[in-house]
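Asks: The primary structure of each chain is shown beneath.
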Amino acid sequence: MKKINIKFWFVGLILVSFLSCSDNETETLFPDAPANRAAQRNAELLDLLLSQPNGFKGVYFTKNDEFGGFTYYLRFNADGTVDMTSDFDTETAVESSSYEVRLGTTTELVFTTRNHIQKVSDPSYQPLIGTGFKGTSVFQYFTNDNGTITLRDIRNRDSGTLVLTPANFSNFETESVASVETSLANRDAFINSTAVTAFPFLSVEAGGNLTEFALNYDGVRLFANPTKFNDDGSIADEEFGIAFTEDGLIISPALDVDGVLINEFTFDGSSGFEYVATKEGVTAKIGYGNAPVTPLDAYAFGVRATAGVFNMDERFKSSTAFNNFYDAFAEFLLNTYSVVVGNVVFWDLNNGGQPYIEFITNAGRFWWDLDFEVTNGIVVFTPTGNTNASAGVTAIFQPLLDAFIGAPSGYYLLNTGTYLNFSNRTYSMINVDDPTMTINYWDFSY
Amino acid sequence: MKKYTYIVFAFMILAFAMACDDGSDAVGESQIDTTPPILNDLDVWLRGNFVSPYNIEILYKWDINDTDIDRFLHPPFESSVRPVAEALQKAWIEPYTQVGGENFIKKIAPRQFTLVGSFNFNPNSPTITLGLAEAGTKITLFNIDFLDFTNINDIKRPLKTVHHEYGHILNQNIPFDVTYGEINPADYTAQWFNRSDAEARELGYITAYGSSQAGEDFVEMVSEMLTNSKEDFDAIVESISDEESKGIIRQKEAMVVDYYKTNFGIDLYELQALTEAATQELVN
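Protein chains in written order, with the working numbering: chain A, 1 to 446; chain B, 1 to 284.
Isolated chain B, as found in the complex:
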């Protein structure tokens, strides 16, 4: 009898459980739209030249969240994108790959470049921001619609920004010697924009922005070296009238060269020659 009672119990529990199941919670097909985006010729080219080989995404289609929402910015002309991307390819990726090895850029590189057409004016300041690097993962380049690729100085502008920001990324991987910032710290200032580059050089900084703080000073040295030939860079340094400042900049140059050699096995002067040759070739 007891046995039958348990069986009846079991059936009842089963029946109740099934009676409450109307099947409405059944998992169906995904409702998320997974349609691939429309890719134009430029998108296909960017995938083939940056995404596939280097895992670097070039963002140029506007997303308000890619930049500071409080700034007044606009996307680039589609026609402005490829020349800038080619400049990155020829005068940044290829030289670094040649001296650092095939995987150098693949291993240490920002994963995204965001290209912005407009200038980025800084509020309440007579300055513009040319580029930004965020946590070693992303570089944003501004005012690409205003570059003239028949003018080498215009081509150098985004490259200066990239070499500058990439210098930060390298520093985030391997910090530079803190004694660099102790060479001539007295004249670092937040009001660097009140100085001209020439004035900053007379104080022992390669550019006015380099006189803002040690970290910027270091990557400005990198940027200036990699966007000038050795002869041009030497001419800049030799034009400094203050001998002590000239010596300071040479001391910083040596530390930057040593940083590249010791930490990455890269001869910075060889890299300098390659970037210079590539930049010259980019002029239309």
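So here's chain A without its partners, still in its complex pose:
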């Protein structure tokens, strides 16, 4: 009995021994320990950041489904400081702050104290109170593509990106500031240039077909919502943010034209005011045209209200070209004749009376009767010749009369919302022959 037991023990022991020695471990997924791999990933990003003694150019879209982007230049130093400038505003001086490369949810670049990069996350920024541009100070390290580092906003991984490319400067301090001041000027010019017309557009030409969109650019959010009317009357649109650079602009997300992704445009002033992108047989343009590419939301001039007053309280609704002209003429009147124009008003537009335009000045009120006709959203004025102004006064005010009622082909009419905090409507008249000249009015009836 004992011998039998011993044999069983032997067999059992050998079986257990074989099983215990069997190699049932899975293949090693990673070549190194987790802590080492995390450290290596952090070191990889830190080394990349420190590899450029003259820093990086950064294009940062905080949230490309709501806002455009900004251009930064950043120089990372081994002592934990980063030098930075940006085209966010006119305060472009290079400032120093601190940064860290940390392991958070993954390897992260954290701008730990305030600098230019936090201007987009300032919730007291007017007029985006409470959110600013919804930016962040914490970026996840995403990819390194031959030195181009892509980082993503930890909160908006799909829509917030900071892309760093080597700046290749010889002098970071001077060249970075010069560059952001140029891109800031480009961004400003896109709204305020005297070459800007009332009709910003996006056009896409592919395979011989030209598609034109009204750009619908929001200069505060730097965001475009191009729209077009399809043949069946439906509306198609795109959405992207715009970041201006030294020599062009970048849109995000990229425009997808039959699989061709377009995102980098270069300024071309040769044929107007245009940014052009050409890639794989597709040409896209963002610029300003001389006529609307989609029907305008026309103001019912002569129907809706009895009077229209030149909108001096919201000059931004008139174009820069017109404002420049008006201010120069006002200065001329003041300096030459000590005359100040207080108001310009269209009267008796819808009450059966004789319409007229009146300049209300400190030297008296001068009016000129006129007739007008509205056709397809365009109003054309014809002076009747009846006026209370002498020939000499009329001659003095002729440039102003030309601007307000003298466009040979008339003025496009466009609804532009409400007047200040009142319910009165505002509208623009856009010179058909020179669409850089837009004059805004507010209306009332009596």
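Careful: at least some of the hints might be erroneous.
Below, computed lysine to aspartate or glutamate pairings styled on EDC-like, alpha-carbon distance capped at 16 Å [claimed, not checked]:
1. 246(B) x 197(B)
2. 230(B) x 253(B)
3. 138(B) x 148(B)
4. 134(A) x 134(B)
5. 134(A) x 234(B)
6. 119(A) x 175(A)
Every beta carbon over 12 Å from chain B, so not counted as near; a handful from chain A, in silico [to be verified]:
7. 347
8. 352
9. 421
Output of the computed footprint for chain B on chain A, the stretches with three or more beta carbons under 8 Å from beta carbons of chain B [what the hints assert, rightly or not]:
10. 95-103
11. 112-123
12. 133-140
No lab work stands behind these hints, which were simulated from the structure alone. Quick reminder that beta carbons are idealized off the backbone N, C-alpha and C, glycines included.
Starting from the structure of chain A, add chain B where the hints point.
Replies: Leaving out everything else, chain B in the frame of chain A:
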């Protein structure tokens, strides 16, 4: 024979056990990076003036987890940190230490201050949050980049927040008398921001925020007393036209003073004089 069999068994078991050990599980050096962080001059100063003497950490370098991740906030300028820290030192720590004893702040204090550069706008509300206190352990101060240290009212802003939040921390250690909240509970409202401070005072609350609930009412009294001289505080109370409301605020003042004296042995008026003098000295 049996004896030899057991010996053979023992050797075999030993051999099998050793055969399976390839030594791969040997414990080596730690793989965790324990490199000390880079400390700048400000970090060194903060360690010397807050961490070492009071075990209080001043956090100013951004960590998204230190604040509400859904708010749009940013870290402060490095240059904004030390003036605020010095204000805490001079107008909060030192006066409390002087009247409460060397260990008062060491024993009862938040362990962390988080300094945030930006305003903290409250969503769907016309208000901003100036500061937060969390479980008596941490105070967060917002908008420190927007303080002008040549203006005493700007200096008082973070101090109001600290005295307010520290009042909460003291209350968490020793609760105040519940009858405080029964003095004039009728006008407590969640829509306190629709009232001005002057309107709230006419109802018997020292500030509009104090009219939100009893706990806030109590610490708003503390905060207002410790950021105004006795003369200024009395002037505020005497400016109230409604005599009943004036009396209510005086009744609350007495309860707050008694709370400090009974529970901590602190003469609040002496503390008030010290904080006022320190605040005046902070003006550049």
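Asks: Look at each hint and say if it fits the structure.
Replies: Here is what the structure says about each hint:
This hinted pair checks out: residue 246(B) and residue 197(B) have alpha carbons roughly 14 Å apart, not beyond 16 Å. Only pairs whose Cα atoms come within 16 Å are accepted, and residue 230(B) paired with residue 253(B) is accepted, the gap being roughly 12 Å. For the proposed pair residue 138(B) and residue 148(B), the alpha carbon gap of about 24 Å is over 16 Å, so the pair is violated. For the given pair, residue 134(A) sits about 26 Å from residue 134(B) by alpha-carbon distance, which is inconsistent with the 16 Å threshold.
Straight-line distance between C-alpha atoms of residue 134(A) and residue 234(B) comes to about 44 Å, which puts the hinted pair past the 16 Å bound. The hinted pair formed by residue 119(A) and residue 175(A) fails the criterion: a straight-line CA distance of about 21 Å is larger than 16 Å. Every Cβ of chain B is farther than 12 Å from the Cβ of residue 347(A); the closest lies at roughly 41 Å, confirming the non-interface assignment. The Cβ of residue 352(A) lies farther than 12 Å from every Cβ of chain B, with a closest approach of about 48 Å, so its non-interface assignment holds.
With a minimum CB-CB distance of about 17 Å to chain B, residue 421(A) clears the 12 Å threshold, and the non-interface call stands. Counting residues of the segment 95-103 of chain A whose C-beta sits closer than 8 Å to any C-beta of chain B gives 3, which meets the bar of three, so the coverage hint holds. Taking a C-beta to C-beta cut-off of 8 Å, the segment 112-123 of chain A contributes 7 residues in contact with chain B, enough for the three needed, and the coverage statement holds. Taking a C-beta to C-beta cut-off of 8 Å, the segment 133-140 of chain A contributes 5 residues in contact with chain B, enough for the three needed, and the coverage statement holds.
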